[in-house]
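Trainee: Take a look at the letters that make up each chain.
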Amino acid sequence: MTGVPAAIAAVHRSDWSRIVSGLIRVTGDWALAEDAAQDAFAIAVARWPREGIPEKPAAWLAVTARNRAIDRLRSATSERSKLREVAIMDSLTRQPDASIEDDRLRLIFTCCHPALPLAARVALTLRTVAGLTVPEIAAAFLVPETTMAQRLVRARAKIANAGIPYRVPPPELLGERLSGVLAVLYLVFNEGYTAGARADLADSAIALASSVVDLMPTEPEAGGLLALMLFQDSRRAARISNDGRLLTLAEQDRGLWNSVEIARAGAVLDRAMSRGRGAYVVQAAIAEVHAGARTAEATNWQRIVPLYDELLELSPTPVIELNRAIAVGMRDGPDAGLALIDELAGSLDGFRLVPAARADLLERAGRREDAAASYREALALTSGELEREQLAARLADLEV
Amino acid sequence: MEYMLFIATDSNPDDSSEPEPDIEEWVAEGERRGIRKQGDRLRRPSDATTVRVRRGEVLLTDGPFTESKEWIAGYDLLECKDLDEAIDYASRHPQARGGSIEIRPVWPFEE
Chain L
7 MTGVPAAIAA VHRSDWSRIV SGLIRVTGDW ALAEDAAQDA FAIAVARWPR
57 EGIPEKPAAW LAVTARNRAI DRLRSATSER SKLREVAIMD SLTRQPDASI
107 EDDRLRLIFT CCHPALPLAA RVALTLRTVA GLTVPEIAAA FLVPETTMAQ
157 RLVRARAKIA NAGIPYRVPP PELLGERLSG VLAVLYLVFN EGYTAGARAD
207 LADSAIALAS SVVDLMPTEP EAGGLLALML FQDSRRAARI SNDGRLLTLA
257 EQDRGLWNSV EIARAGAVLD RAMSRGRGAY VVQAAIAEVH AGARTAEATN
307 WQRIVPLYDE LLELSPTPVI ELNRAIAVGM RDGPDAGLAL IDELAGSLDG
357 FRLVPAARAD LLERAGRRED AAASYREALA LTSGELEREQ LAARLADLEV
Chain G
23 MEYMLFIATD SNPDDSSEPE PDIEEWVAEG ERRGIRKQGD RLRRPSDATT
73 VRVRRGEVLL TDGPFTESKE WIAGYDLLEC KDLDEAIDYA SRHPQARGGS
123 IEIRPVWPFE E
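If you're matching them up, the sequences are chains L and G in order.
Each residue of the first sequence is one higher than the last, beginning at 7 in the numbering used here.
Each residue of the second sequence is one higher than the last, beginning at 23 in the numbering used here.
If you are wondering where the hints come from, they were derived from the structure by calculation, not from laboratory data.
Source: prediction; values computed, not measured.
Heads up, none of these hints are tricks.
Far from chain L, some chain G residues (derived; all Cβ distances over 12 Å):
#: 1; residue: Asp36
#: 2; residue: Ser38
#: 3; residue: Glu40
#: 4; residue: Arg55
#: 5; residue: Arg58
#: 6; residue: Thr72
#: 7; residue: Arg77
#: 8; residue: Glu89
#: 9; residue: Gly96
#: 10; residue: Ser122
For lysine-lysine, the following BS3-like pairs were computed, each having C-alpha atoms within a straight-line distance of at most 30 Å:
#: 11; chain 1: G; residue 1: Lys103; chain 2: L; residue 2: Lys164
#: 12; chain 1: G; residue 1: Lys91; chain 2: L; residue 2: Lys164
#: 13; chain 1: G; residue 1: Lys59; chain 2: G; residue 2: Lys103
#: 14; chain 1: G; residue 1: Lys59; chain 2: G; residue 2: Lys91
Backbone N, C-alpha and C fix where the C-beta goes; we use that ideal spot for every residue, glycine too.
With the rest of the complex left out, here is chain G (with noise of 0.2 Å):
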């Protein structure tokens, strides 16, 4: 099953002294194991723009779809066997501890 991660930021980050995970081990673990297809960082919300089309007439707004203290910070597709192993592989990335990270899995058209 394909799961797509936000990598989200979060108000209350982990406050324990464990050191982070590194985020090219994080990488080079998924590459290795086939279940990251592909994923990056994204801009701040603050080079956003939203796109709307209302009675034919395209209106951009600066910024996200939705203003909130949180944030989307990155991403990345995975391709895993099912939510335990998305859940797992999840768990380890630096940002889990620093932020938050949604699993969502993709909805494919042919279903």
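One chain only, chain L, in its complex shape (with noise of 0.2 Å):
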């Protein structure tokens, strides 16, 4: 991209959620806010072509959407709209003030606040926050737009039916809300990542985990994420084998890893460390001294068992007790892994990772015939389809 769609697509990822959100404070009306700004995007889209990018594009925007915000309540003629006109007009009138940032801020809270479902809670960041469209989000989430329409028309009903604050929470409630937030951009992200095709969703839930980081840079656990979240793309290119299987990362060709993401994700994570450690910061860690290994055989075990005591202390779940295990297994040997797994079996009864751990574990203690036993078993609880792949890929390799 070139020229007015490049300028356009920039001033779109820096400002859209500074226009919706000050948009939002003064009128207090989410579809009102979110339609002038995308009019706004529309307008310049015709007329910077012809007129040339205006000197302060941002500007330019703000200007343009509060005026089709006011357009648009003009046309309307409820009670309440004329009252939202005047609010407008009545901001125009006083000093800007220099909570903008906070604008941004309270708008992130807003639409992940605990009382919308979760579903919803995506729906509205990516639409009010991160500014994809309608169709986009839809088409990301594979349901059709009217669902995804009607999904966010009741949300934004619920915030200003039941008083959801328009705000950034206070002391007391932040920790809470944060990691809430925080949740909710790793799922945008998982998403992404998880189905590989849409690498969209992941850029967005980057970008959105930036401006976190931006907005709260005193907050160890958004820098943790935002370094957790490039340290895993980064091996994007890697991930995907030619014939489309997925793979694992002693699989992946460490050659197509972007070190320009490590390298950012890094300088992340040391910022976020200084601040403080939470299971995100600790996460990243671990991913980073993977990062850190030209080879799958020179992976730093010892570095990472304690990486992992240190995240069961601050996560305890079954899934981190198996990763950790696994991660002995690679630091000390298969049998203390596998050891470690059959103490856990029992809160793990059913969990497809089990068996697939197992299987890995068992393949290098050379135990062949238990190892395509553990992947049969694997296989049998997984249902999507890359990961079943991937296990019959290696189960095929055991049988030859």
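Combine the two chains into a complex, taking the hints into account.
Mentor: Given below as structure tokens:
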């Protein structure tokens, strides 16, 4: 992209949420703010190629969006829209305050409010904060456009009707609410990353996490999540084989890893770690060890196991127990890992990753038949197509 | 904004050993802060009568309008600045542990 389209894309990335969040603060009307912002960008697409890019594109768009909001309100005749029009006019005569950055944070926290259903939090964040269109979000989540539009309408209605506050939570709620925001962003990222083809969602999640880090530089977990996403995303080109198969870390061609993203992730992680450590920071630290290994064999498992110990204290879940067992198996030999997995077996019954992890360690221990049996067990529990192909390929290798 | 709290029973109460908050303190706090306008317990669903009018005829049934394992055991009417304030106050009601509390915004007629 060059010239006007590139300029519009850039200002959309940097300023969409600023424009929308400012209009929401003034009017209290979410749909109006989104529509007016979208109108402004459409007007830019039509006029900038003829008239040239304005000297201050973001300011031009903000003014145009505000004028569109006023036009839209004038064409409606209800009492409520009159009041909103007055509110906008009123805000024009006041001095612009220094709370613009706060507006964007307010928007993110409100979109991710725990009183909204999770699917609505994700949809609102992508629509209102990231500026994706309804058809784009619907396509990303494989639901009909009308379903996605309805979901957004209901979410905006609940914000207004239930009195969900438009604000950054007070200190006593901040930690809990911030982890809710980060969980939504990570879900968006994983949706894009797991599906492989929907890289735009992964990009949106990274961009959103970057702005949370910029807006809340003292929160280590925001930086931890951004670093974790960047480390994972750096492997994007290496994750899928030429024939479309999902590759494990050990199978990936590390020459395809994106070294620019890895370097950025490392810098973000360093800054986050200087502020503190939480579950995302520690997961990012584990990802960093993998990113630093030139080959799978060179992986420094001595460093990874204690990080899993720390992670387990921060977030004691069976999945992390399992990953720790695998790491111990890689450090101390497959039998040590298998012994730990056996201890865990009860709490993880029926979980597809257990037989897959056992199979891998059994294979490393040279117990090919036991490994094959575990791969078959894993296949029986797995429904994801890419994962199934991966397991089937490992099994086929053992059966030759 | 006005919120109605429906204080409901729940078949899965909290099983932690944390002491339950005291209802009298909860009421006193709400009145002190001016966020609780009124509220009370309700008699059991077996004492309920449901009224319907169909084709001009008043029909009565014994019991609540809907049969379910959980029932509404009380209500409180709040005046809060936003949902977060209502959630915070409701979460400290003893029945938030023993049952569940539904927070419904009141929908004023003039809207």
